[in-house]
Amino acid sequence: LRRLLEVYYDLTLQMQERLGAGDANDVLLLVLVAIGDLRGAPMDAELLAEKLESSRSTVERRLKPYLDHGTVRKGRRGKSVVYLFDTNAMPPSATGAGADPKADADMTVGMVRTLMTTVFDIATD
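The numbering of the sequence shown is the working numbering, which starts it at 2 and goes up by one.
No lab work stands behind these hints: they were computed from the structure.
Careful: at least some of the hints might be erroneous.
[Claimed, not checked] Mimicking DSSO-like on lysine-lysine, the simulated pairs with C-alpha atoms at most 27 Å apart in a straight line are:
hint, residue 1, residue 2
1, Lys75, Lys65
2, Lys52, Lys65
3, Lys52, Lys80
4, Lys80, Lys65
5, Lys52, Lys75
[Claimed, not checked] For each label pair, taking beta carbons as the anchor points, the in silico distance ranges come out as:
hint, residue 1, residue 2, range
6, Arg77, Leu2, 35 to 45 Å
7, Leu2, Leu68, 29 to 39 Å
8, Arg74, Val8, 21 to 31 Å
9, Leu68, Ala25, 18 to 28 Å
10, Glu47, Arg4, 27 to 37 Å
No residue lacks a Cβ here, since even glycine has one placed at the ideal position from N, Cα and C.
All chains should be modelled from the sequences, with the hints used to inform the complete structure.
Next comes the structure, spelled out in structure tokens:
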């Protein structure tokens, strides 16, 4: 359990940096959006709010910077507006002067998908 917690903590810090997330709560929000999208069942604001034990307006407010930047985008599933994760978007922290494009090369789309699958499997056990 200790090893799993340490790895989770390290991954959270890495994801926070690579996704340009403001804090650990935003990391969790982005992970949920990514898991839903990568599993083919994207979530709407209501479902995200339920999973995060938050209000819909709080979820929408926290997603706004990621929508503005393109890390997350809106899509439609029937009548619902769902959130989709763009694995190709560069985080805001990586777009400034002096950003090193090789810094993100070690975290490929396949690695993100594998990580999200693992997190989802652990969460549903």
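Here's how the hints hold up against the structure:
1. As the CA atoms of Lys75 and Lys65 are separated by approximately 11 Å, the hinted pair is consistent with the 27 Å bound.
2. Between Lys52 and Lys65 the CA atoms are separated by roughly 18 Å; this keeps the pair inside 27 Å, and the hint holds.
3. Between Lys52 and Lys80, the direct Cα distance comes to roughly 21 Å. Compliance with the 27 Å bound is thereby established for this hinted pair.
4. Using a Cα cut-off of 27 Å, the hinted pair Lys80 and Lys65 holds, with the two alpha carbons roughly 21 Å apart.
5. Restraint check for Lys52 and Lys75: the C-alpha separation of about 19 Å stays at or below 27 Å, so the hint holds.
6. Restraint check, Arg77 to Leu2: a C-beta distance of roughly 41 Å satisfies the suggested window 35 to 45 Å.
7. A hinted range of 29 to 39 Å for the beta carbons of Leu2 and Leu68 is consistent with their spacing of about 36 Å.
8. For the hinted restraint 21 to 31 Å between Arg74 and Val8, the CB-CB distance of approximately 29 Å keeps it satisfied.
9. Hint check: Leu68 to Ala25, Cβ distance near 20 Å, so the stated range 18 to 28 Å holds.
10. One distance hint, 27 to 37 Å for the beta-carbon pair Glu47 and Arg4, holds here, with the actual separation near 36 Å.
In summary, this structure violates none of the numbered hints.
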